[in-house]
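Same order as they appear, the protein sequences are chains A, B and C. At position 137 of the first sequence (counting the first as 1) the number is 137 in our numbering, and the numbers step up by one without a gap. At position 125 of the second sequence (counting the first as 1) the number is 125 in our numbering, and the numbers step up by one without a gap. At position 208 of the third sequence (counting the first as 1) the number is 208 in our numbering, and the numbers step up by one without a gap.
Mixed in with the good hints there might be a few duds.
Said to hold, decoys possible - Computed from the model, here is a short list of chain B residues facing chain C with C-beta under 7 angstroms:
#1 Ser164
#2 Leu167
#3 Arg169
#4 Ser170
#5 Ala172
#6 Glu175
#7 Phe179
#8 Pro185
#9 Glu217
#10 Trp263
#11 Pro265
I should point out that these hints are in silico values taken from the structure, not numbers from a laboratory. Virtual Cβ for every residue (Gly too), placed ideally from N, Cα, C.
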Amino acid sequence: MAVRSALRRVVVFVLVLGGLWALWEGYKWLWERTGWTRPFRVNDLTLPHVHAILLQLGEPTSTGDDLWLYLAHSALFTAKSAVVGFAFGAVFGLVLGVVLAQFGVLRRGVMPYVVASQTIPILALAPIVVRGLGSVSIGGAPPPDWARVSVIAAYLTFFPVTVNTLRGLLSADPWALELMHSYAARGWTILWKLRMPSALPYIFTALKIAATASVVGAIIGEQTASISNGLGGAILNFNQYYVLEPANLWVTNLYAALLGIGFFLMVLLAEKLVVHRAPEHLV
Amino acid sequence: MSGSVSNSASARRAGERIREWVPAVVVFALGLAAWQWLLPDVLGVEDFLLPRFSDVVGALIDERNLLLRGAWITLKEAVGGFVLGSGAGIVVALVLARWRPFGNALMPYLIAANAIPIIAFAPITNAWFGLLSPWSKVTIAAVLCFFPVLVNTLRGLTSVDPESLELMRSYAAPEREVFRRVRIPSSLPYLFSALKVASVLAMIGAVVGDYFGGSLEALGIVVLSAVNLSRYSTSWAAILVASIMGIAFYATISGIERYALSWHPSVARRGS
Amino acid sequence: MSADGSVVSIRGLSKVFGKGGVSALQGIDLDVARGEFVSLIGPSGCGKSTLLRIVGDIVEPTDGDVTVNGKSARRARLDRDYGIVFQAPVLYDWRTVAKNIALPLEMLGWDRARRGERVREMLELVELTGFERYHPWQLSGGMQQRVSIARALSFSPALLLMDEPFGALDEMTRERLNMELLEIWAGTGSTVIFVTHSISEAVFLSTRVVVMSPRPGRVAGVVHVDLPQPRTTVTREEPRFFELVTEVRELLHATGADEVEETLATEDEIA
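Input sequences plus hints: build the corresponding full structure.
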């Protein structure tokens with residue numbers, strides 16, 4: 001039974017990838033044949049062949065490493081910033097969420113702004129933040145590149161986690177609360193044994209969004225501050241020389257996509273382990 | 001006699017409402033004060049991190065032509081992308097809900113696709129449409145909106161109560177009637193919640209898409225060039241404009257939601 | 001309707017769920033004559049809800065014959081020969097009460113004037129005149145069920161299938177709705193198949209009570225309820241009522257189900 005369903009998943013996977021490949025190459029073939037310019041002109045520069053992109057992985061770069069290795073290093077750099085920022089943002093968000101759940105006055109004061117932060121493009125702050133921190137002196141030197149970038153990942157994580165932690169903590173079933181009171185349970189016990197577990201699904205929803213946002217934030221941060229080490233830097237670099245070798249940029253995007261998906265899947269896995277049941281939308 | 005009773009009751013309610021907002025107003029005032037005096041004067045926060053509030057407002061007024069032009073360009077890109085992406089998302093959701101096996105098989109991939117950093121594709125869309133063309137940003141905004149709207153709408157279309165489907169079966173209703181009368185109306189709350197998210201994403205796509213290069217007058221470029229010229233007040237003013245637009249866009253969608261979902265218990269009860 | 005005057009005719013019906021799985025029904029034989037009010041009662045797992053759904057062609061049988069109104073169950077469904085009421089009202093929040101009742105009429109292609117008139121009639125029937133423009137969530141559970149019944153009867157089907165429609169309501173509302181249902185049944189002359197957990201409800205409402213036993217679902221016995229029509233609130237206090245309740249209870253007891261104890265407890269509270 002399990003083998004059959006696993007087999008089916010593999011088949012679907014192969015079919016989806018195959019379908020995408022067919023769509024890509026089919027589109028390219030058709031547009032090149034007819035010479036249509038809407039929505040954009042198709043040639044090897046604007047839409048390289050899939051195999052051309054994949055083969056590029058083995059090409060050497062100016063650093064001496066082959067592309068796949070070079071980008072692996074870049075991806076690791078970006079991942080570091082993203083993960084560190086994510087971790088800090090998540091912790092602060094959780095703490096603030098708990099505090100706001102306990103203190104109503106604070107909540108009413110702060111909540112409108114935390115919620116408003118969900119509707120403004122705070123990612124747009126990335127270049128300002130990263131450049132700005134580059135001029136700041138902490139202990140005699142500006143903070144390292146990856147740290148400056150991680151700040152973006154941190155604040156992109158912080159806000160959704162705060163909102164959802166609060167919402168989750170306050171969503172505890174009122175009957176369950178009454179039960180707790182009947183046990184003469186006090187503040188911290190109620191928090192730990194009832195509100196937190198009720199909040200977990202909400203928290204993980206925020207964490208899944210934040211995972212992707214952290215990667216995006218890290219890339220944008222690197223790119224706008226001209227930090228050359230990460231994927232953002234690689235994009236900047238390969239964009240400059242796009243006309244010479246378009247495949248490089250496409251491969252970089254492939255790595256970025258895999259990084260985003262990978263990070264998301266890790267949070268998904270964590271959710272499965274922590275919450276002890278399958279995340280609802282994969283069932 | 002009853003008039004005076006209801007008057008004092010509504011007066012009390014109004015009083016309660018005001019009291020509810022007092023902490024937020026206090027925080028706002030404190031925050032503003034901190035921005036204006038505490039951070040720069042007491043903590044010595046430099047201009048390049050966060051200019052004084054009055055400086056930002058000054059830049060807002062001085063550069064208002066530039067900012068308004070930029071806002072208009074960026075707004076068009078965001079709305080254009082939002083309409084394209086959400087529209088496509090809804091259409092595909094309807095198709096996938098109709099042919100369930102496809103929908104079920106593709107769901108995990110759609111969710112994964114949502115985790116891809118789409119904005120990183122901005123240089124490529126620039127290569128497609130040209131650096132200065134708004135279409136490259138529209139495409140980014142559209143793709144950003146597409147997946148969340150698709151996933152959520154699909155979920156809404158397929159989360160129908162099984163007894164409701166049994167009822168429809170008892171009416172010998174063909175699938176298209178089930179769609180029209182049951183699935184689509186019940187998916188509206190899901191759709192609107194996705195549209196609100198999409199409005200924010202479209203805004204981000206338009207502004208941040210410009211960070212990879214774009215029309216000289218777009219808001220994103222204003223931010224970047226202001227930062228490059230160390231005119232931080234201007235860059236923050238531009239961010240402020242983008243934020244206000246973001247809130248306005250979101251509020252518009254919220255308003256439409258309140259109208260379209262006027263029947264929904266959560267919306268209707270709010271009024272009373 | 002078939003030659004012998006039965007609206008529903010079931011022969012040797014069986015239903016098995018899943019491959020090599022649960023036998024929900026086995027060898028069911030049942031006839032329901034025109035104008036009857038037949039209750040299906042039994043503990044959980046006796047297949048009463050499944051049987052109801054097979055009559056409505058919502059579930060397909062594994063074996064056996066089902067004739068509804070002289071046709072196959074499928075044909076009867078396509079011809080809209082029956083209306084169905086579930087335990088949950090299954091009303092649509094985005095439609096007003098009037099539009100909820102009009103739903104099957106819209107689907108049948110009735111024009112607006114005709115629909116409006118029928119909705120008015122139905123609202124009168126279930127005593128909800130004046131609530132046309134309300135939304136379902138503004139009504140109590142009992143009122144919502146009345147709307148659900150009005151909807152089921154709106155196109156005057158010959159047969160009414162009801163799956164524990166009053167199960168989620170409190171005792172008093174339930175008794176009141178029982179009376180209303182009987183009045184409607186007498187007035188419309190329809191045939192009713194009614195699934196319930198409550199012995200007193202079954203005896204009070206029905207002309208016949210079919211007792212089912214579980215694992216696999218079978219007909220354990222049938223009790224003819226010879227109480228006079230029309231039934232009134234006083235009927236529940238007559239000695240014959242208690243005799244019949246006891247008869248049903250003993251049949252249930254004989255099925256060996258534990259759930260009988262629960263039903264017994266509720267009955268004791270009323271008695």
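Going down the list of hints, with the structure as the test:
A distance limit of 7 angstroms between C-beta atoms decides the matter here; for Ser164/B the minimum to chain C is near 5 angstroms, and the interface restraint holds. Below 7 angstroms, beta-carbon pairs count as interface contacts, and Leu167/B has one with chain C at about 5 angstroms; its hint therefore holds. Checking Arg169/B against chain C by beta carbon gives a least distance of about 5 angstroms; that is within 7 angstroms, so the hint holds. Against a cut-off of 7 angstroms between C-beta atoms, the interface hint on Ser170/B holds, since the closest Cβ of chain C lies about 5 angstroms away.
Look at Ala172/B: its Cβ gets to within about 5 angstroms of chain C, closer than 7 angstroms, so that hint holds up. With a cut of 7 angstroms, the hint placing Glu175/B at the interface with chain C is violated, because the nearest CB-to-CB distance is about 13 angstroms. Against a cut-off of 7 angstroms between C-beta atoms, the interface hint on Phe179/B is violated, since the closest Cβ of chain C lies about 13 angstroms away. A hinted interface residue such as Pro185/B counts as satisfied when its beta carbon comes closer than 7 angstroms to some beta carbon of chain C; here the least separation is about 5 angstroms, so the hint holds.
Interface restraint check: Glu217/B against chain C, minimum CB-CB distance 44 angstroms, threshold 7 angstroms, status violated. Because the beta carbon of Trp263/B sits about 5 angstroms from the nearest beta carbon in chain C, less than 7 angstroms, this interface hint is met. Satisfaction of the interface hint for Pro265/B is found here, the shortest Cβ-Cβ separation to chain C being roughly 4 angstroms, below the 7 angstroms cut-off.
Hint violations for this structure: numbers 6, 7 and 9, all remaining hints satisfied.
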